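A.B. asks: We have chain Z; now place chain E onto it with these hints.
So the sequence lines, in the order shown, correspond to chains Z and E. My numbering puts the last residue of the first sequence at 359; the count rises by one with no breaks. My numbering puts the last residue of the second sequence at 359; the count rises by one with no breaks.
What the hints contain is simulated information worked out from the structure, not anything from laboratory work. Predicted model only: the values in this text are computed from it and were never measured. What you were told as hints is all true, and nothing was included just to trick you.
Copies of the same chain look alike in the list, so a pair counts if it fits in one copy or across any two.
25 Å max Cα-Cα, derived SDA-like pairs, lysine to any residue: (1) K252 / G241; (2) K144 / D340; (3) K356 / V111; (4) K274 / K291; (5) K275 / K297; (6) K356 / T177; (7) K332 / G94; (8) K305 / Q187; (9) K356 / T107; (10) K291 / Q57; (11) K245 / A259; (12) K183 / E220; (13) K82 / V93; (14) K297 / G45; (15) K183 / S303; (16) K291 / N46; (17) K356 / N256; (18) K356 / S186.
2 protein chains.
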Amino acid sequence: MQKIRLGIVGYGNLGRGVQLAATQNPDMEVVAVFTRRDPASVNTVIPVKVEKYESMRDYVGKVDVMILCGGSATDLPVQSVEIIRMFNTVDSFDTHAKIPAYYEALNKEGKASGKLGAMSIGWDPGLFSLARIYFGAALNEGSTYTFWGKGVSQGHSDAIRRVEGVLDARQYTVPVESALQRVRSGENPQLSTREKHTRECYVVAKEGADLKRIEKEIKEMPNYFADYDTTVHFISEEELKKNHSGIPHGGLVIRSGKSAADNKFLMEFSLKLDSNPEFTSSILVAYARAVYRMHAEGKCGAVTAFDIAPKYLSLLSEEEQRKQLL
Amino acid sequence: MQKIRLGIVGYGNLGRGVQLAATQNPDMEVVAVFTRRDPASVNTVIPVKVEKYESMRDYVGKVDVMILCGGSATDLPVQSVEIIRMFNTVDSFDTHAKIPAYYEALNKEGKASGKLGAMSIGWDPGLFSLARIYFGAALNEGSTYTFWGKGVSQGHSDAIRRVEGVLDARQYTVPVESALQRVRSGENPQLSTREKHTRECYVVAKEGADLKRIEKEIKEMPNYFADYDTTVHFISEEELKKNHSGIPHGGLVIRSGKSAADNKFLMEFSLKLDSNPEFTSSILVAYARAVYRMHAEGKCGAVTAFDIAPKYLSLLSEEEQRKQLL
Numbered sequence: 034m035q036k037i038r039l040g041i042v043g044y045g046n047l048g049r050g051v052q053l054a055a056t057q058n059p060d061m062e063v064v065a066v067f068t069r070r071d072p073a074s075v076n077t078v079i080p081v082k083v084e085k086y087e088s089m090r091d092y093v094g095k096v097d098v099m100i101l102c103g104g105s106a107t108d109l110p111v112q113s114v115e116i117i118r119m120f121n122t123v124d125s126f127d128t129h130a131k132i133p134a135y136y137e138a139l140n141k142e143g144k145a146s147g148k149l150g151a152m153s154i155g156w157d158p159g160l161f162s163l164a165r166i167y168f169g170a171a172l173n174e175g176s177t178y179t180f181w182g183k184g185v186s187q188g189h190s191d192a193i194r195r196v197e198g199v200l201d202a203r204q205y206t207v208p209v210e211s212a213l214q215r216v217r218s219g220e221n222p223q224l225s226t227r228e229k230h231t232r233e234c235y236v237v238a239k240e241g242a243d244l245k246r247i248e249k250e251i252k253e254m255p256n257y258f259a260d261y262d263t264t265v266h267f268i269s270e271e272e273l274k275k276n277h278s279g280i281p282h283g284g285l286v287i288r289s290g291k292s293a294a295d296n297k298f299l300m301e302f303s304l305k306l307d308s309n310p311e312f313t314s315s316i317l318v319a320y321a322r323a324v325y326r327m328h329a330e331g332k333c334g335a336v337t338a339f340d341i342a343p344k345y346l347s348l349l350s351e352e353e354q355r356k357q358l359l
Numbered sequence: 034m035q036k037i038r039l040g041i042v043g044y045g046n047l048g049r050g051v052q053l054a055a056t057q058n059p060d061m062e063v064v065a066v067f068t069r070r071d072p073a074s075v076n077t078v079i080p081v082k083v084e085k086y087e088s089m090r091d092y093v094g095k096v097d098v099m100i101l102c103g104g105s106a107t108d109l110p111v112q113s114v115e116i117i118r119m120f121n122t123v124d125s126f127d128t129h130a131k132i133p134a135y136y137e138a139l140n141k142e143g144k145a146s147g148k149l150g151a152m153s154i155g156w157d158p159g160l161f162s163l164a165r166i167y168f169g170a171a172l173n174e175g176s177t178y179t180f181w182g183k184g185v186s187q188g189h190s191d192a193i194r195r196v197e198g199v200l201d202a203r204q205y206t207v208p209v210e211s212a213l214q215r216v217r218s219g220e221n222p223q224l225s226t227r228e229k230h231t232r233e234c235y236v237v238a239k240e241g242a243d244l245k246r247i248e249k250e251i252k253e254m255p256n257y258f259a260d261y262d263t264t265v266h267f268i269s270e271e272e273l274k275k276n277h278s279g280i281p282h283g284g285l286v287i288r289s290g291k292s293a294a295d296n297k298f299l300m301e302f303s304l305k306l307d308s309n310p311e312f313t314s315s316i317l318v319a320y321a322r323a324v325y326r327m328h329a330e331g332k333c334g335a336v337t338a339f340d341i342a343p344k345y346l347s348l349l350s351e352e353e354q355r356k357q358l359l
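In isolation and in its complexed conformation, chain Z is listed as follows (with noise of 0.2 Å):
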């Protein structure tokens, strides 16, 4: 059988988690990681030829999937439309408001190049996306409702750090146990942003800072904390280090629906992970199997996973999953 080529672009936690889930799948094989950093600088997981960034398009012809593991804010909207002109992609875009903009331009350059993009990949968009498209269609009358955590924010924990007097800090997005509660009771709440999700911040401050003002810099800060009940705990080095340096993370979605009849019922999917980057480059790695049979199909342009049907996804053959998994 021959493998999937696959193209690593970007190696953070993301990267390494692809390279990794790629071990465990048969069908695929890593030929390459891109870096604009200095190649020579990049220590892989698992020995593994690493190119410069430029480099490949000398892999046209040797690479059938690139999977394109930088960030949403600034890496993925100039690399995604760039690489599809040479490669099938998938990525894991998940900057929520700039998704149909994103798609539009993926979409033209995949089809003028006749390359496959599949993009906003992973657990949240991705599979918790799935979840709310699947549970919508199967009870068009109810609620759906999606917590976060307990996990790892990164993007919270970055703008701790960026508080005067602190040097590191975690974030922990928490959902509302008693808004689970309403939820899966069928009440079908109205809940506000302060209702279903708290934040528990660990912050290492710096000698000699002052505490209450950091604290309260963190709790009044607009848009990531000032809508939430925020706790702050000081904690040394030492003990960040010791107790918060994994990046757990999950979450769930429900719909909580009726018939016409009135009977209720409860659709719900959660997931408790270890390893936010290490899940998300799973799904990754299998999204790039489905790109690989589309393409061969002949599809091209961009697709999100609305447009995947899961038999692309399985290693099974079709006979195999209607044998063992229907």
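C.D. replies: Same frame as chain Z, now just chain E:
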């Protein structure tokens, strides 16, 4: 907007549920119910034309999708291949061992007639199958577990009713809480049939019947009860009517796995349903939308939930899906 015109074939709990669910989907209308009983004897929950099964051919061009609401044992294997010669179909065929042969037969007739049939639609097979394929693809190394209940098993209730001296009965399948906990802990246990589910039976005995013998016959019944820890409660007819007249069901699909770096992941999908047939019906209606759309794109033959991209199920346009659900 032209509505999708549905026909309902067979009018039991499922057919009634489809009629109800169609009222919750503004793009659907039910044109007629087809029955092998005397049409005059069928009381529909909402007024609609009731026709003889044989009159179906007069509706060619007037019905877009027939939803087959008969049983898997004898109705569907005969009806599906007959009806797909004239109409697109959706069915809930769930005799697991016969799925491959059923697929082949339906696919052959559909390819010949140019119609499309979605088979084995519902929650299991159906939504649970989707959880199994998505979870397995997202996490190639791991174990998937399916639990059913707490809910009424019609087949097991019927089996009890066939025991001599039994007037009526209701059987609940119940997942074993300790097994669920072991799975959720990431232990990846090998679970026997007995370890996964218990069976609770509520039995109305005829006056003067030998209760000890009835209980023994139930508990030792091969296939149905012998492999389970079974509890038998004798109750009055009034109590059965009062407390056990609903048809609730539900269940869970859980996948527990890990990354190549040994980080653990848990994926869980669960359903709690006040009415099993009304929920199944609601899914059948959503898949009728998918069948209508895919057939309009030229697709014919047989498909399962695995072959249908989620976008086809949603009432929303693809742009709205990306904006609101992704």
